[in-house]
Every structure is written in structure tokens, then in C-alpha cells.
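Undergrad: Each chain, letter by letter, is given below.
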Amino acid sequence: MKQLIRALLAVLIVSFALIVIVYRLNTAQGYTSGNTLTIFNWGDYIDEELIEKFEEETGIKVIYETFDSNEAMLTKIEQGGTSYDIAVPSEYIIDKMREEDLLLPIDHSKVPNLQYIDSRFLDLPFDHGNKYSVPYFWGTVGILYNTNILGDREITSWNDLWDPDFKNQILLVDSAREVMGMALNSLGYSLNDKDKNHLLEAKQKIDSLTPNIKAIVGDENRLLLQNEEAAIGLVWSGTAQEIMWENENVEYVVPEEGSNLWFDNMVIPKTAKNPEAAHQFINFMLDPEVAAQNTDYVGYSTPNIEALKYMDEETVNDERFYPDEEMTAKLEVYENLGKRMLAYYNDLFLEFKMHKK
Amino acid sequence: MKKISKLSTIYLIVMFFILYAPIFYLMFYSFNSGETMYQFESFTLDWYKELFGNTRLLIIVLNTAIIALLSATISTILGVAGALAIYYARRRRVKNTLLSLNNVLIVSPDVIIGASFLILFTMIGIKLGFISVLLAHIAFSVPIVVIMVLPKIEEMNTSMIYAALDLGASRWNVLTKVILPYITPGIFAGFFMALTYSLDDFAVTFFVTGNGFTTLSVEIYSLARRGVSLNINALSSLLFVFTMLLVVGYYFITKRNNRPNRLGVRQ
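From first to last, the protein sequence lines stand for chains A and B.
According to UniProt numbering, the first sequence is numbered sequentially starting from 1.
According to UniProt numbering, the second sequence is numbered sequentially starting from 1.
With a straight-line cut-off of 25 Å between C-alpha atoms, the simulated SDA-like cross-links for lysine to any residue are:
#: 1; chain 1: B; residue 1: Lys127; chain 2: A; residue 2: Ala272
#: 2; chain 1: A; residue 1: Lys61; chain 2: B; residue 2: Asn54
#: 3; chain 1: A; residue 1: Lys270; chain 2: B; residue 2: Phe130
#: 4; chain 1: A; residue 1: Lys270; chain 2: B; residue 2: Lys127
#: 5; chain 1: A; residue 1: Lys61; chain 2: B; residue 2: Phe130
Pairwise CB distance ranges, derived in the manner of DEER restraints:
#: 6; chain 1: A; residue 1: Asp47; chain 2: B; residue 2: Asp110; range: 31 to 39 Å
#: 7; chain 1: B; residue 1: Phe28; chain 2: A; residue 2: Gln204; range: 42 to 50 Å
#: 8; chain 1: B; residue 1: Leu135; chain 2: A; residue 2: Leu187; range: 52 to 60 Å
#: 9; chain 1: A; residue 1: Glu154; chain 2: B; residue 2: Phe24; range: 40 to 48 Å
Bear in mind the hints are in silico, worked out from the structure with no lab data behind them.
We put the beta carbon where it would ideally sit given N, CA and C, even for glycine.
The task is simple: from the sequences and hints, build the whole structure.
TA: Here it is, written out as C-alpha cells:
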């Protein structure tokens, strides 16, 4: 019995000491002052120096948390019990969050820097008048290919991928809408197509791509493509940029048939504790110099026109990442398909994944 | 003891190699000065330096330790009480039902336990954070402690209890002077099991963390999603070494407790 009591006391003393240490550390870091801002963002999606700069400028302490999929983020916010002041979801989720009344409206008078955003990226169908969201980054879906492996073969369209020369060379992303969208675009349909015949046709078309597919992967595609484990990849433009920084032999192309145009926007969830600081942060991120620095770090395309002036001309004029008007006209934003249609897309994608090679 | 045949020695070596190789591979690359695990460039301790320079991470490590210690302690107390209750259950039916209910909790998938805690906590309005993680950890540790302690109680000779009662011991005396000293090794085993479960639990914790509070395994997961920094290797190596130390510590404690010629009664 004595032994047990001694052990119990020892454990309690150690825990108490640890709690004191943690409390001290937290206070030293300023996390207990009450003036904090909790940000919920994608992994590696901000230049952390900017967070420090924001803290210095405003005296607000930032707590930074990350998520890895829109759905995971949505669940945490829907369930409540959390108090994120800022979240950065993609456009189709914003539509959903708006419908479910999970967002606070953004007071435009507190975000004067909104004037620097390209009007092309404002007032889009998922959030008319930008009542609830402010663009953070945007990008495309396209094809990344390695000239070292493929020689001087050039890829310009989705249909090029069906070339038998590319046997076992293609990495797809494990995401229903991207892959189905690729097939629909290659057939000349819209990637928001709801016609079941078109969808079945698209499914058959990707089935016929299977000999060329090496694997269907997630985020690890970046390393695989970078290390030349595969020659061709279906990627988001930001991933492409990151790979190009590491490997000079790759090319990125937005296929000529058209592709997806996506946005990640900053929103203020309904559960926010410090909406005032959230507005300050949004305004801070829209500052042209800040946006330019962030874009340099993250590699996705910024919607901030003024920021382009602070960036390398080479980057800004790169049509692969800042496509011209003619190309943007061919790009489509994902529309909210509705639950049943989305389930149908997912089913077809699942069937495709089970298709025998 | 019978001599172990050559074949089984080889089998053992191969099995242990397969089990430990990934861990050592990961530890090896935590000393790599390059950026990836594809080739080893040269030896460096930079990743460890980076880890220790990171206050946020330090706070997370300490939080994980606090959660583990507190949840293990509380669940040990609850678990011992639970084990005694199961032992003292008169009717066999009740006893078996209690035991099965306990075992169901052990085998049910962590994801389901985690999700149901998330729903429960948000429904009754507990903020996700320290308290929610602590409660969840206590909850999944209690059945483990029960399982570790119960066999020790069952193996106890009941005549000891009757003898104590005959000699005029009160119920409380029987508990503190006879039963608890006898099952002490089981209690410690339960405590250490709960401790390791809490330290490395990911699935349940993942659901109930929030508001800036995370534990190490959840943090490692989100670091890994962010890209493959060798930081993760360094952190995981430290965690592995720490767990090894725990196991060694546990070994010595049980060894001390298993000294022969103990009759189970202590002053």
C-alpha cells in the first residue's frame, strides 16, 4: 500500500510540475493573453514569417492549426466545440458552409485591401458579392511531364495521355472530381456535367487509360514526380510549381481542352471568438507586399493584382501559372453538384479504381 | 530448458528484423543532412537542434506527457475499483456480462470511440481541448487496466481474505493490507499499459483535439501531411527511445516486485 501511495504521489508531483512548466511557456509565448487569433489552414500554405510579422504589427498572438482536406475541416467546424477565427476552404465547400449557415459575413469596410484583388476573382457564383469569403490563392489542374524521360515529346492536351507510348507512366490524383473532370474535358464535356450518359462515357474513357496508369496517389505524388519515379502526373498548379523548383526537367501544361479553375478563400467561421482580429488578418494578407511574399513561398497563383508588381516578372508572365484571358475562358470552376450527383461521381471513380488493368 | 534449434533462431532474427527495420531506417535518416530519405548525404544533428528550438513543439510534448500521466493515474484508480467490482460480483451471469462489456470497449475500433466522443463532447458542451482529451484517454484506458489487474485478483488465494477477517481485520484493512499489496504488480502493469496507450494514441485523440491543443501523435501526423521533413524522423526517434526507456523501467519495476517468498502481506 505504501508503495502505491508513494508512486501515486510521485506521478502527481511530476504532472503538477509539468503543468506549471507548460503554463509558464504558454504565458511567455503570449498564448494566454486572450488576444489570440486561431487560424485553420492547409498544411504548408503560408509563409510563417508573415505570421510573425502580423504578430509584431498588431500584438495579436496567432495559433496556427492545419487540416489536410476540406471535409476534415468542415467536420471540425460543423461539430462546434472549436473556435477557429479564420479558415481557408476551397470554393465548393464555401458554398456548402454558406448554405449551412456556418460563416460570419465579412465587413468590407474593415478590409480596404480588397480593392487589390483582380475583379476576375470576385463576385463568383459560389459567393456572390464576396459576402463571406475573400480569395487567398487560385490555380488550375493540369499535366506535369518530365522531359528527361519523355525526350522532346510535348504534351498539350488531355487526349495526349491516351498515347500507348506512355504505358505505365502516369500518376493520377486520388480525387474523384479531378479524374472525372479530366475525362469529361477530354471528351469536350463540361467538368460539371450532370448527364449520366456523358458520365458513363467518361468512365469508359478513363477505363481505357488504365494501361498507362502507374498509380493513383495522394500528396506523395510530389516526391514521386520530383524524383522521376513517373514521367507524367495529373497535378494542381501549386504542386507543379513546387516540383519545378526542385527539378528542372519538368514542364507543366494546362490542357487545351480546358480544365478546372479553383480557389481557396479565407472565411470567418460562425464559431470565431475574435472576428475583429480575423478581419485584421484578412486585410493584412491582402496587402500587396505581404501577398507577394506569401506567393513566393507557397507557389500558387495570387489573385492580388498589385502584388504581381512586387514579384519576379518571369513568374508573373508565366502563362502556365497566370494563364491569359483566352485560356481562363476555357477554365471552369467546380459547381456544387448536389449530394446525389456527387455520390454518382464518386461511385464511377471507385469503379474505375477497381477496373482491372 | 530445451535448446533453441538453429531454425527457430533464424526465424526469430528474421521476424525481429522485419519488425524493427522500418524504425531503424527512419532513425538513421534523422541524422541526414539532406532534405529527403532518398539518399544519405552526411551526418548532422540539425534536425534535433531544430526540434529543441521549437517552443510550440516542446509545449506539445509536455502536454502529451501530462495527459499520459494523469489519464494513466486516474484510469488506474478507476480500473482497480472496476476489477474489484467484477471480482466481487456474486452471480456468474453479472460477472460475465460486466467482463464482456469491458472487453468490447477494448476491441471496438478507435475511430468509432473517437467519433462518438467528439459527438458526445460537443453535445454536452465540453470545449475540445485539454479536458476533452483527458476524459477520452481515461475512458479508453480503464478497460485496459481492468484486464491487467483482474487476473492478479483472481489468482489471489481467497483464504487469505478469510484469514484476515478471522483475525479481526475490517473491510478497509483487508483492502489496503491484503488485496492491494498482493495485486500491486498488476496495478503497475496496468498503469504502464495505460501510459503507453495514452502516449501513442492517434485515432481517438485526433477527433477530440482542438482549440490549439494537440498531442504529439496528432502533431506528427499533420507534420507528415505537410511534406516529408526529416524533423518528423528526429521527433519519432526521440519518441521511440523514450518508449524504450519506459519499457526498460517497467521491466525493472516488475522484476523487483516479483521477488520470491512474498506472502502478500505488508505492513
